[in-house]
Each structure stands twice: as C-alpha cells, then as structure tokens.
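**Q** These are the residues of each chain, in order.
Number of protein chains: 2
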Amino acid sequence: MRPWRRAARRRAGRPHTALRGRTPYGYAEVVTFPVVGMVGGGQLARMTHEAGIPLGIRFRLLSASAQESAALAASDVVVGDHRDLATLREFARGCDVITFDHEHVPTEHLRALEAEGVPVRPGPEALKHAQDKGVMRARLTQAGVPCPRHRVVRDPADVAAFAAELAAELAAGPAADDGTSASADGDGSSPVSPVFPVPVVLKTVRGGYDGKGVWVVRTRDEAAVPFRAGVQVLAEEKVDFARELAACVVRSPHGQAVAYPVVESVQVGGVCDTVIAPAPGLDAERAVVAQELALRIAQELGVVGHMAVELFETRDGRVLVNELAMRPHNSGHWTQDGAVTSQFANHLRAVLDLPLGDPRARARWTVMANVLGGDYPDMYAAYRHCMARDPQLKIHMYGKDVKPGRKVGHVNTYGDDLADVRERAAHAAGYLRGTISE
Amino acid sequence: MRPWRRAARRRAGRPHTALRGRTPYGYAEVVTFPVVGMVGGGQLARMTHEAGIPLGIRFRLLSASAQESAALAASDVVVGDHRDLATLREFARGCDVITFDHEHVPTEHLRALEAEGVPVRPGPEALKHAQDKGVMRARLTQAGVPCPRHRVVRDPADVAAFAAELAAELAAGPAADDGTSASADGDGSSPVSPVFPVPVVLKTVRGGYDGKGVWVVRTRDEAAVPFRAGVQVLAEEKVDFARELAACVVRSPHGQAVAYPVVESVQVGGVCDTVIAPAPGLDAERAVVAQELALRIAQELGVVGHMAVELFETRDGRVLVNELAMRPHNSGHWTQDGAVTSQFANHLRAVLDLPLGDPRARARWTVMANVLGGDYPDMYAAYRHCMARDPQLKIHMYGKDVKPGRKVGHVNTYGDDLADVRERAAHAAGYLRGTISE
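One line per chain: the protein sequences are A and B, in this order. All letters in the first sequence, in the order written, are residues 1 to 438 by full-length UniProt numbering. All letters in the second sequence, in the order written, are residues 1 to 438 by full-length UniProt numbering.
Each pair may be met inside one copy or between any two copies, as identical chains are not told apart.
Think about it this way: if two alpha-carbon atoms lie no more than 20 Å apart in a straight line, the pair counts; the simulated SDA-like pairs of lysine to any residue are:
#, residue 1, residue 2
1, 400, 33
2, 407, 33
3, 128, 104
4, 400, 35
5, 128, 207
6, 403, 33
7, 238, 224
8, 238, 312
9, 407, 426
10, 403, 375
Because the hints were derived from the structure by calculation, they are not lab data.
Chain A on its own, in the form it takes in the complex (with noise of 0.2 Å):
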C-alpha cells in the first residue's frame, strides 16, 4: 500500500462526510466520494474495481496476496488473510463501506465489524444464507420459496435413508412446495439398499464452488466420500430439470431493487459455460415468476448489492432456487456489454445506497462464453486471432495465469441473431482455450 492512499479517511459516526474548505454559504459539511472496501482478490473484485472507476469511486481491496486478479488492477491493494478478524478490522479502518467478491469471510467476522459500526453490505445475517446451504433451504423452505427437496445429513446411512424416501415421494407426485422431504429417521439403521433407488446431490454446507464440494453419489460408498473431509454435507434431489436459469437482481439499503432480464445458463461438468441473455424461448410470465421469486428472497433476507439466484426449470414448468450468491456472479457478466447498467457498476450503487441503474438489455440478444485454460499458457496469440477474426467481440481478460481448466477470462457477443451471437462466443472461448484451430 502506498504512503498516500493510508491518508484515506473514515469518520467514525460521519460516514463520506468532512470539513472540507468554504463554501458560498461559509463552512458546510462536504461530502467526499466514498471508499469501498471489497474482500477477496479474484475476478469479481477486478471488475468490479473497473467499474467502479468512471463512478469516481475509490477501491480498496484485501487480497490474499499480489498476484491475484483483482490486486493487479486495483490501485489501492492490502495484502492480508480475510480469515483473521485483526485484518479485517484494520482493512475496514481505511473504508466507508465493505463488500466482498467471496462468501468464505467468516459470519462471526462479519458480526463482529457489524458490532463497531463498520457498514457491511450484505450484512451477515442476509450472506449467512449464502455461505452456509443448510441455512438457506432452511430459510427458502420457510418462506415458501420452491427448493428441491434437501436434508442436512450427518452420514451415509441418513443418505441412504433420504434416498429411499426421495423415491417414495417422487412415485407418489411432484415435489411439495415446502421443499422438505416428509419423514426422516436418520439413525443409520434403515433397511435401504446399497444402490441407492434415485441418485442424491451431496453438497459440503460451506465452501463449494464451481462443481466443487458437489457429489452426485448412488451408493452407500459414494455417499461415505464427502464426509471424510469432516465437514457438513446437505442431501439434496438431483432435480430432472430442462435446463438452469438464473435470475439477478440488486437491492439497496433503502429497499430500492431492480431485476435484471432471466438469463439461461449452460453448464459443462459443473462449471459454468455459456450464459444466453434472455433465456431463449422462456415464457414471458414464467421470467416474470423468476423476477419477482428473486426480489422476494432478497427482500425476505435483507440482501444488499448484487444477488444471483441460480434456478432449475423443471421439464413439468416449474422453477427451483438451486443456488444464491450474494455478489457480482458469472451469470451476470453479460451486463457488462449487454446492460445498460453492468451488475458491477449496480453492486457498488448498491452497497452506497446510491440509486440503482437501468438493468435493462441494450440488444436482443448479449451470449457470454467463459474462457477456460487449455493445454498451451500462450493466449496471446489466440487473442490477437479473436480479435482480428470479429471486431466486435468483447474480450474480457483476468489476468490470470493460464492453468487447465482455470477461468481466466470470458468474451461477451450481442446482436440480433441469436444462432451468430453464440457462435462468435463459442468460437472465441474455444479458440482461445485452444480446442478450436479453426
């Protein structure tokens, strides 16, 4: 960090706020553009620092260290562990606000700064929801929002026990709207079958990410894998779904909230591949549905900036909330170049409580396709290739090194045609990945 940047200045009690010179009228109370302080140093936290430039706002970032994507970009750069309080505390000393590009700062953390005034947007009593999934099917269940059914579970045999009733009830009917499957004993004992009669998504409560910490297991074996690590696992209906969508919206302190259109999202071995925006051929009442299913649970938790809520649409027409996360998320990315207001520039509104952006699509149709590592850490070759090939793509790099598998940046393509726009998406992601020569 450098010398003059440690000036930044926070009033306790007068948040933005300082005696700053004379004014027409004599002294007045000035207020200065704020401070936004994000944890966590990855990509979100790097676009975010972009868009955070032409709002004249100033990024302050902690980063678990130099290298990382965001910390590369940013100006304002505290190398420290989010997962120590001491840090946090003293990264929150320099900032009128603190948000996060992660949902892994520890909740007692979070209470903790809450405690001694620090604005922490979304709070921990709304991000819990998203860092741990037991808490949030509870929560969702609770307030009638559609889930697939889901059970926290302590071992394989209450796997298996949550297998056997999953079958009954799917024999029996469509999933209740609760969410919660109707009986459980849970001791172990259950005469249930080392074959599982439908397959159970095992989830690790806190941490997943990316198709991590998920297990689709179909055997008492399989089910033992995730509880090896010690760690909380949640049981859930593997949902026979069309396909996923997802819904984002952002909400401010003062209960302002947009919606963004319901996008689709393609995902290839657990991680996301393609987002189309707007979910091709979704009915107009079901997007509605989304929308409003969206700004009730950010309303319901108390959700502040940016939330996606990954959704299934079932093959019998209904939508199940699959997943929440409560900051920028790569379903949102499309709005860089195909919103008016990216889901960035709205975060950062948001977590001000500066009134919100128009969240509405500026073409027909905007495709973001991610750009994964390949065999070959070379992609400036490939990118100078993109670009030449189509003018208007729009690159999105992270600065990454480039490690098989790894995000290291995502292209966005827009236009009328939706079959051209995913096209030139699908090619570029491709090309630069290096599974397209052409």
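Please build the complex by placing chain B on the supplied structure of chain A, with the hints as guidance.
**A** For chain B alone, kept in the frame of chain A given last:
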C-alpha cells in the same frame, strides 16, 4: 511502485516474449500479455487504464503526482517528471510500449528513447505535429489538407501585416486550398492601421489546450500579449464556421485504421461543452470527406493510436482542419457508452498492434456533456440526484477535486430521440456543476 511490479519484464529485442516453461510440444516461446506505459496521469490515462482491465493489459503510469486522476485508479504508478529523460528512460524499462495522455513530452526525449529501442507510439515524427502547431500547419498544407490561412509570426507588426493580407484575400474570394496566405513582407513597417481590418487568431505554437494559449486579437496592442511570454506564435484566420466537427480515427503500426462516426463538438468559452454523435444533419458525403481526411492525415503523418482531428465546418460548405490530438480525446468520450469499441480500448489495441475493434455507434444518438467544477466542492449529493433522476445516465467522474471551471467528469446519454438525449446530458452536467437546481 510495489516490489512485485518491479519484476515486470522487458526483454530488449524480444518484446512481449519470454521462455516460460513446458508446453505439450516441449519448451517454447510463450508470449505474455504486454505492459503499456502511459505518460501523463490525467483523466485520459485514468480511462485508458479502465479500458485496459478487460483487455488483460498491464498498465503502467508515469504521473506528475500521486494525486492525479489516473494515479488514484491505476495499480502501477511511477511518480516522476515527464520532461526528464532519465525518468522517462527508467519508466520505459518496465514497459513493452510507451504512449501518452498529453503532448508535453519533449520531442527530443522521445527521439532518444526511440533510438534506444523503446517502441514509442505515436512516434516522435508523428507526435511533433500535435506538439507544434507551426509544424502541423506546414505539413498539412504541404499535403494539400485544407486549413485556415496561417503564418508563424515574429511580432505584433507581423500580425498586423498578416491581418492586412487576410483582409485583401477575403475580399478577393474564398480561401486558397493550400491554406497559405499569398504573400508577406513581415518587416514590421507595413502601413497598417492600429485596428486590424479583420480579427486574427493567435496561438502559442506549443502547449495550448482548452482555450488556453489562444487569443483573438484586433489591434497591435492586443497582438503584443502572446509574445510577452517569449514563446513562438502562430497567426490564423478567424474562420467563419457554422459549427465544429471532430473526425476521430485509430491507426495501428501495420496500417490498419478505423474511423469513428463524425461528431459535432459544441464549445463554450473555448472549452468543449457537448459532443453529439453523429453530428446532426451532417451531409453523408461530407461526413465521408471528413473521415477520409482524418484517415489520410493519420497515414501521411504515420500516426499510431487514436487521433482526433478537430474541424471547422464553414458556412460555405467546406471542412478545414483546426487541431490535431494524437491520443484519446474529449471528442471521443461518447464512444465509452455509444460505440462498440471505445476510443480508449482502440488506442491500446493500436499501440500494441492488435487488430482494432469495431468503431460503429451502438445507439442512434449519443451525447457527451462535460462536467465542470462549479462553486460547490461537494458534487456527491448532486451525483446521487442525477442517478435517481435518470437511471440510464452514464456518469464518468475523474476523481479530481472540484475547482471552478475544471473538467472533473463527463456524462454520456444515448437513445433514439436527440432532443431527449441532449436534455438529459445537459441537465446532468448542469446539475452536477450547480448551474441547474431543478
């Protein structure tokens, strides 16, 4: 500068290239993403850094102070004097290419750097035409580019002689196409009246901007003012223009070039107030003439990067070149929200010899209005108000302290209805300045 940034590589003779480990085909040259060094820490550098983030480009800044607009946003800042060759040389060591946010680096320093193998873009032999208005006028006139009548003048008597000749020529008919005035004795003893028959524009040959370094004079006494600073002075015909236009182009070292739509630039008090893209009511053929003129100038002068050609559209239907700027320019700020590829992104692509992005407009109309400082140092409350009034408004703040008349930001608006788009931009700029209270 942070220690880990000191490791930024530059390999003399092998730009962008390093041996970096094993590929599937054994050890190979691996091209890494380049470092662009920009000299000058103003808002143009700030916005170029912003545009470089999605491109994955590493941006290095040479700024006169740590408090300048770009230094508040960029990650890699060297504080130093751009007039000092040793500073420039040390700065260039960490960069793959050097470019500029202003024209104030001494030409001889740029020649020295180039001679030492530093890629300087635009190079000194192009840039001198943007640094020295006398050199620019001579070169454009030689190339047959229509310019106002002009002459480098030595003293007030010389100005008086120029005014007399101008008056005679104007009485005789329209401007000669070669732009030079017909004759000049310039001995200071010509029998001219103390009040000139026509007004004359005097400009400092070097260093003027935003109306600074420009005088309109009608007497010898007035004409004496610019000479007092001991600088070289250029005298020009005061063109009776209908309006001002700007034709912006981008050219790369291998000769690819793109032309942005021609815009109208509305000046107030010598400072750009509003830019309208495209120029309303501009004859399509005349727009092409202006674009071709700018492309021809870029090629003739060997420009690399973005160049703005400021033009007078005369009442009798001609376009004359007013000024050249070889860098991102105020008349191109509308491209951030109104074009497929912004001037900043294309400037970076050009100086790196990457294929250029599509310069076409994304909206029927885009209007940019500059935000000048007013009497109130607090702009945050007005900023909040503007966001609430117009959720589609695109605000670009420069992080500068507010001083009366200082450019501290700009706004962009776009849409199908020009009157509405203009009103929204003008309102936001006026409200932020404090001249509109609603």
